[in-house]
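K.L.:
These are the residues of each chain, in order.
There are 6 protein chains.
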Amino acid sequence: MHIRLINPNTTTAMTQLIGRSASRVAGEGVTVDAVNPSMGPASIESHYEEALAVPGLLEQIALGNADGVDGFAIACFGDPGLDAARELSDGPVLGIAEAAFHAASMVGRRFSVMTTLSRTRGRAQELMDRYGFAHQCAGIHACDIPVLELETLGEDGIYAIAKACREAIERDDSDAVVLGCAGMADFCPQISQVVGVPVIDGVVAATGMLQGLIRMGVTTSRRGEYAAPPVKAMTGALAQFEIR
Amino acid sequence: MHIRLINPNTTTAMTQLIGRSASRVAGEGVTVDAVNPSMGPASIESHYEEALAVPGLLEQIALGNADGVDGFAIACFGDPGLDAARELSDGPVLGIAEAAFHAASMVGRRFSVMTTLSRTRGRAQELMDRYGFAHQCAGIHACDIPVLELETLGEDGIYAIAKACREAIERDDSDAVVLGCAGMADFCPQISQVVGVPVIDGVVAATGMLQGLIRMGVTTSRRGEYAAPPVKAMTGALAQFEIR
Amino acid sequence: MHIRLINPNTTTAMTQLIGRSASRVAGEGVTVDAVNPSMGPASIESHYEEALAVPGLLEQIALGNADGVDGFAIACFGDPGLDAARELSDGPVLGIAEAAFHAASMVGRRFSVMTTLSRTRGRAQELMDRYGFAHQCAGIHACDIPVLELETLGEDGIYAIAKACREAIERDDSDAVVLGCAGMADFCPQISQVVGVPVIDGVVAATGMLQGLIRMGVTTSRRGEYAAPPVKAMTGALAQFEIR
Amino acid sequence: MHIRLINPNTTTAMTQLIGRSASRVAGEGVTVDAVNPSMGPASIESHYEEALAVPGLLEQIALGNADGVDGFAIACFGDPGLDAARELSDGPVLGIAEAAFHAASMVGRRFSVMTTLSRTRGRAQELMDRYGFAHQCAGIHACDIPVLELETLGEDGIYAIAKACREAIERDDSDAVVLGCAGMADFCPQISQVVGVPVIDGVVAATGMLQGLIRMGVTTSRRGEYAAPPVKAMTGALAQFEIR
Amino acid sequence: MHIRLINPNTTTAMTQLIGRSASRVAGEGVTVDAVNPSMGPASIESHYEEALAVPGLLEQIALGNADGVDGFAIACFGDPGLDAARELSDGPVLGIAEAAFHAASMVGRRFSVMTTLSRTRGRAQELMDRYGFAHQCAGIHACDIPVLELETLGEDGIYAIAKACREAIERDDSDAVVLGCAGMADFCPQISQVVGVPVIDGVVAATGMLQGLIRMGVTTSRRGEYAAPPVKAMTGALAQFEIR
Amino acid sequence: MHIRLINPNTTTAMTQLIGRSASRVAGEGVTVDAVNPSMGPASIESHYEEALAVPGLLEQIALGNADGVDGFAIACFGDPGLDAARELSDGPVLGIAEAAFHAASMVGRRFSVMTTLSRTRGRAQELMDRYGFAHQCAGIHACDIPVLELETLGEDGIYAIAKACREAIERDDSDAVVLGCAGMADFCPQISQVVGVPVIDGVVAATGMLQGLIRMGVTTSRRGEYAAPPVKAMTGALAQFEIR
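Chains as they are written, first to last, in UniProt numbering: chain A, 1 to 244; chain B, 1 to 244; chain C, 1 to 244; chain D, 1 to 244; chain E, 1 to 244; chain F, 1 to 244.
Source of the hints: derived by calculation from the structure; they are not laboratory data.
Treat the hints with caution; some may be incorrect.
Said to hold, decoys possible - With a straight-line Cα cutoff of 20 Å, these simulated SDA-like cross-link-like pairs (lysine to any residue) come out:
| no. | chain 1 | residue 1 | chain 2 | residue 2 |
| --- | --- | --- | --- | --- |
| 1 | F | Lys163 | F | Asp186 |
| 2 | B | Lys163 | B | Ala142 |
| 3 | A | Lys163 | A | Asp186 |
| 4 | E | Lys163 | D | Arg223 |
| 5 | C | Lys163 | C | Ser192 |
| 6 | A | Lys163 | A | Ile145 |
| 7 | E | Lys163 | E | Ala138 |
| 8 | B | Lys163 | B | Leu117 |
| 9 | C | Lys163 | C | Val194 |
| 10 | F | Lys163 | A | Arg222 |
| 11 | F | Lys163 | F | Val194 |
| 12 | D | Lys163 | D | Gln190 |
| 13 | E | Lys163 | D | Arg222 |
| 14 | E | Lys163 | E | Gln190 |
| 15 | D | Lys163 | E | Arg222 |
| 16 | A | Lys163 | F | Arg222 |
| 17 | C | Lys163 | B | Arg222 |
| 18 | E | Lys163 | E | Glu151 |
| 19 | B | Lys163 | C | Arg223 |
| 20 | F | Lys163 | F | Leu117 |
| 21 | A | Lys163 | F | Arg223 |
| 22 | F | Lys163 | A | Arg223 |
| 23 | C | Lys163 | C | Leu153 |
| 24 | C | Lys163 | C | Gln193 |
| 25 | C | Lys163 | C | Ser118 |
| 26 | E | Lys163 | E | Val194 |
| 27 | D | Lys163 | D | Gly196 |
Build out the structure end to end from the sequences listed, making use of the hints.
P.N.:
Here you go:
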């Protein structure tokens with residue numbers, strides 16, 4: 001079984017971190033790797049950047065199909081391009097926000113979310129509503145650390161996030177906490193020790209759940225909405241995405 | 001006052017039709033024009049195409065800002081890139097699905113929607129939920145005519161859509177009908193005659209409502225989520241979108 | 001085009017204020033006037049008063065129809081008698097709470113509301129739920145200033161409301177604020193300066209949106225629920241409302 | 001204990017019928033009577049008529065308070081003026097739609113509603129949403145018999161309604177049926193025999209539940225929203241409603 | 001009329017208290033008694049205990065049917081076994097949480113809930129959602145007094161609960177308060193004096209509403225879901241529950 | 001890793017079938033077994049039977065804890081006793097309805113459900129609402145084959161279920177179908193061939209997802225609601241369940 005994580009930004013250090021985190025939950029005989037696009041933003045902290053990350057993400061889905069990948073995770077907490085990726089991919093596709101919300105809903109009644117910048121909370125709320133977890137979400141919070149600073153965050157920085165998580169859990173009276181950025185995937189063990197409740201990272205959640213879906217032998221339905229994209233002319237800087 | 005309609009696909013005939021329709025609801029002293037991107041898909045009938053239409057749409061928002069445009073409408077019924085456009089645009093931005101749903105909710109308790117291809121109904125439902133009109137939406141239907149065939153549809157074709165609308169209204173027991181494609185903007189008068197209830201097209205609805213917002217002197221809030229996108233490196237085929 | 005604002009209370013000073021505010025967003029060639037009933041309460045701050053304001057409101061709709069008015073706004077934040085007015089009116093009818101919620105939802109993800117007396121917040125919540133904006137409403141607050149004191153509120157009083165708005169936005173973490181009384185229509189510019197986010201007043205929002213609906217050529221659906229009220233005997237103090 | 005049913009229309013034959021139906025569920029020592037206003041419409045089949053029935057209803061609440069009535073039911077399926085009546089009344093007030101929905105939710109998972117004219121279904125849906133029973137409502141149907149014809153409906157007419165109820169239950173796959181008009185209160189036993197599921201009439205439901213509330217010693221909360229209406233000038237044809 | 005309250009735990013002192021409280025709202029000619037099972041937990045403060053209380057509850061429903069009981073209340077705030085009891089019982093069955101929520105929704109727009117242990121709030125929220133009162137519930141709070149200590153709580157203890165209720169009402173800005181444990185049924189009068197809003201106890205609410213349902217002549221629908229449980233083998237420690 | 005499926009009814013043939021189905025999705029090094037209680041009903045087709053299956057289920061959770069089981073699935077589509085099991089179990093617990101809904105939501109926008117007896121659909125709807133998938137559920141249908149007849153169903157019977165699934169998908173216009181009984185776990189491959197969309201069985205879905213949760217190192221939160229059940233006296237036929 002071959003699972004591929006796509007980091008939709010172009011920062012390779014973050015891609016490597018995502019690959020390492022995901023590998024920790026791979027079963028025997030499961031290959032897990034991580035890639036990133038050749039185009040687009042260095043990190044994703046606005047709707048504008050999210051939108052411009054999607055073409056590169058779709059390029060990677062097409063490449064992954066050619067490599068015989070069995071399932072993909074989109075390793076950005078805004079789940080950018082998820083519907084488009086599902087149309088294009090041969091195997092199942094999960095967003096890491098999606099996967100994290102599912103996992104969190106299985107270990108308690110209500111969970112809190114800790115994202116990076118405050119401005120990203122709106123998107124997290126929109127995904128919460130779309131996936132149906134609004135009644136289980138006790139609060140969406142931000143630690144206001146930019147995505148690319150997470151890589152070089154020392155012990156003190158991680159402890160600061162952990163403390164913010166603990167306060168969120170107390171204020172929200174919740175059972176679990178979801179980490180709202182692929183760049184936080186490595187912090188789970190340390191944060192868990194501080195907060196004393198399940199800490200859910202979407203990178204490992206998606207990797208775990210994709211193995212389940214692939215073993216079940218199911219992929220995205222091809223009936224109607226998620227059928228392969230139609231043949232269509234595509235011009236200009238995006239001509240490479242034309243489906244023939 | 002200058003309102004610009006952005007057709008996010010690259011088919012100029014459709015852009016011209018959108019401009020003509022929108023002009024009909026311009027008040028005195030209001031300039032309305034329509035443009036389309038230099039890149040992307042010829043029409044939008046899948047999530048994949050919608051995602052790839054967004055960069056070209058954002059290019060047009062940036063150009064419109066430079067032209068001193070007062071407000072934008074995104075003239076595709078999937079409201080592609082709406083959040084990103086709001087971050088980037090100086091003036092207010094409305095999607096035509098959004099505008100149509102708002103208008104329809106003001107002329108009755110429940111409305112039906114008639115889109116083009118069946119596969120686009122999922123996106124319409126998602127927008128309905130996001131904007132808060134699910135309780136007023138009595139049904140989402142498809143006439144299964146491809147977007148680019150709408151341009152050359154004769155009287156018989158328009159009558160066929162009108163009949164489908166009438167049947168939808170009966171089955172859904174609704175008060176109004178929303179036309180779910182910018183390419184149908186011209187058909188309102190003919191369909192109205194057949195169905196006997198208000199027929200709402202999003203192109204004219206967005207043009208009408210934007211005039212209201214601009215006269216009110218309001219634009220997208222810059223507090224938090226919709227602040228201007230941050231300065232960020234952008235590479236590869238999308239390097240032109242870098243914010244400096 | 002002729003748009004009429006109906007102040008459903010009998011205080012003519014407030015009617016004049018409403019007319020002045022609405023006129024500011026009238027396009028060229030658009031006539032805007034404001035009227036109030038000959039019967040009913042001096043101001044509306046309870047369900048009881050709201051109910052007793054409706055007959056006078058309906059009297060004004062009938063008079064407006066006779067005057068050839070193209071569309072009506074109900075200039076009280078409880079949107080009293082909206083459904084009945086829609087049955088009776090020849091043109092479209094908007095409530096100012098309705099119009100304000102629609103406009104606020106177009107300039108951000110979440111908005112706060114600032115009403116007059118605390119006891120009116122329940123009605124605002126009910127309207128929020130009915131119109132479908134509960135997921136975008138971040139909080140409903142009261143400044144506890146009676147409606148008729150708004151007219152004579154000096155700079156200090158307006159600043160006190162502005163400060164309450166700013167605190168509400170911080171506490172609710174919202175993008176915009178809706179002023180919850182027609183008597184606050186004049187305060188928008190001053191409050192905007194203090195709060196730094198879009199400030200939405202329903203009087204101007206309704207006036208702006210009605211122009212859009214009228215240009216679109218749509219009015220309330222006559223299919224079923226909102227058909228003209230049936231011929232029916234009406235007796236006693238309300239005999240003048242009989243439909244023959 | 002003294003319970004009063006207020007028929008908000010002016011048709012005394014219907015008032016008498018309502019009184020008779022309600023009396024059947026009065027416990028020992030419970031006085032039940034029925035009244036109607038001196039002003040307003042002969043029957044209520046539109047929003048316009050409903051709005052104009054409310055002043056007369058409020059007049060009867062004030063009279064009932066003076067008579068020492070312990071609790072009121074508003075005997076029209078649109079629950080007109082419920083909030084205003086709660087502010088004014090000394091004892092608890094229930095609408096018959098409200099009471100019927102509560103009772104129906106207690107005898108099964110999902111219920112159907114059978115109203116009179118089709119145009120009244122919108123209001124029933126709005127009440128369903130407000131009271132929180134939308135997830136238990138399987139369908140709202142109309143038999144399209146005018147309210148005042150219900151009085152003189154013979155066996156055949158009642159059987160026609162019963163058949164329509166039975167079909168609704170089958171189509172909706174529901175557990176119970178609510179009769180959506182005070183004028184149907186007498187038909188429960190006959191319709192029950194035909195449909196084989198619980199048949200809920202709001203007149204008896206409200207009378208039953210009011211006895212419960214009164215025995216519990218609770219009435220409408222006076223904290224905030226439902227405090228007594230404030231002292232306020234009231235002019236013109238409605239001057240009699242002034243609170244001094 | 002014979003109404004029976006079933007205390008699903010095995011503590012007879014609490015059963016007696018429940019019977020006394022319920023008797024206070026019995027009309028003339030209405031017999032009210034209270035029983036408890038021969039098996040199961042001494043009190044119910046976890047999902048585990050709730051699940052294990054249900055067999056004993058069902059034993060009591062079967063015994064009550066044999067005694068000709070006309071309707072049952074399940075006197076534990078988690079409403080354990082309600083659906084199963086409805087299948088088995090000849091007469092209507094109400095849970096006390098269910099009854100309390102219904103009653104509270106009739107005396108104001110929003111109510112607060114005060115339960116015993118914090119860990120029981122999740123179940124209260126789940127019931128709130130199921131019955132459709134989430135939009136009227138302003139907050140669910142705990143006083144963290146174990147169920148069996150309520151019996152011996154002196155004046156000071158009751159006053160502490162009353163103070164917690166008053167604080168909850170202020171914080172939640174609610175109109176009424178629901179007491180979330182059958183063991184609090186006796187405290188209504190004292191708490192009412194402190195809080196100044198309607199105080200709803202489910203034991204008396206259920207007893208009051210059951211009288212209404214029984215007078216209406218309705219019981220649980222036997223169509224489909226709530227038909228009598230099928231004949232089925234039942235083995236081991238639960239063999240006594242076999243339906244033959 | 002050791003995963004245990006608990007069939008909450010006492011029919012061992014069904015237990016064996018569940019074990020076989022689950023084993024098919026076990027990764028290398030994962031032990032999967034299936035057990036059933038010593039007490040309770042032979043099959044679960046009513047709320048009564050579901051309630052009486054829970055003690056036996058909890059007995060098996062306690063035994064599984066002693067065996068060092070890493071995670072449990074409750075293999076009955078009503079997810080009986082899920083909350084109580086989560087309190088008691090050392091590892092994570094999933095219900096098969098829960099797991100199936102999660103998986104189905106990952107492969108399309110809307111899914112249909114095919115259960116056994118019609119009377120069980122109410123419980124499926126309740127779970128759908130609780131878990132947050134109501135907006136993705138397009139319909140809940142029944143094939144009206146009793147649970148214990150599924151074991152001996154021949155090719156024709158399976159084809160009949162497959163045809164019912166296909167019709168449900170067409171009528172509901174859905175993307176996937178969920179099989180609503182552990183006894184159908186074996187039918188996935190055959191039904192998939194007929195319907196042409198993903199067919200989700202909860203037994204394999206739960207087995208797949210539990211592996212993911214266990215690899216992630218998370219289990220049910222012990223903060224508050226799902227802490228271990230308190231020490232409490234337990235009497236009579238259920239005395240064996242006492243926690244000391």
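K.L.:
Holds or violated: C/Lys163 and C/Val194, Cα atoms, limit 20 Å.
P.N.:
Holds, at about 7 Å.
K.L.:
Regarding the pair A/Lys163 and F/Arg222, is the alpha-carbon distance no greater than 20 Å?
P.N.:
With a Cα-Cα distance of about 19 Å, the restraint between A/Lys163 and F/Arg222 holds, given a limit of 20 Å.
K.L.:
For the pair we were handed, F/Lys163 and F/Leu117, check the Cα-Cα distance against 20 Å.
P.N.:
Within the cut-off at roughly 16 Å; holds.
K.L.:
Given the hint that E/Lys163 pairs with D/Arg223, does the C-alpha gap stay at or below 20 Å?
P.N.:
It holds: about 17 Å lies between the C-alpha atoms, which stays within 20 Å.
K.L.:
Would you mind confirming whether the straight-line C-alpha gap from A/Lys163 to A/Ile145 stays at or under 20 Å?
P.N.:
holds (14 Å)
K.L.:
Hint check: B/Lys163 vs B/Ala142, CA-CA at most 20 Å. Holds or violated?
P.N.:
Distance of about 12 Å is within 20 Å: holds.
K.L.:
What's the verdict on E/Lys163 and E/Gln190, does the C-alpha distance respect the 20 Å limit or exceed it?
P.N.:
OK: E/Lys163 and E/Gln190 at ~11 Å, within 20 Å.
K.L.:
For the pair supplied as a hint, A/Lys163 and F/Arg223, confirm whether the alpha-carbon distance does not exceed 20 Å.
P.N.:
Between A/Lys163 and F/Arg223 the Cα gap is close to 17 Å, so the pair holds against 20 Å.
K.L.:
Given the hinted pair A/Lys163 and A/Asp186, is their Cα-Cα distance within 20 Å?
P.N.:
holds (16 Å)
K.L.:
Quickly compare the C-alpha distance for C/Lys163 and C/Ser192 to 20 Å and report which way the hint goes.
P.N.:
holds (11 Å)
K.L.:
With a cut-off of 20 Å on the C-alpha distance, tell me whether C/Lys163 and C/Leu153 pass.
P.N.:
Roughly 15 Å between the alpha carbons, so the hint for C/Lys163 and C/Leu153 holds.
K.L.:
Is the straight-line distance between the alpha-carbon of C/Lys163 and that of C/Gln193 20 Å or less?
P.N.:
holds (11 Å)
In this structure, none of the earlier numbered hints is contradicted; all agree with it.
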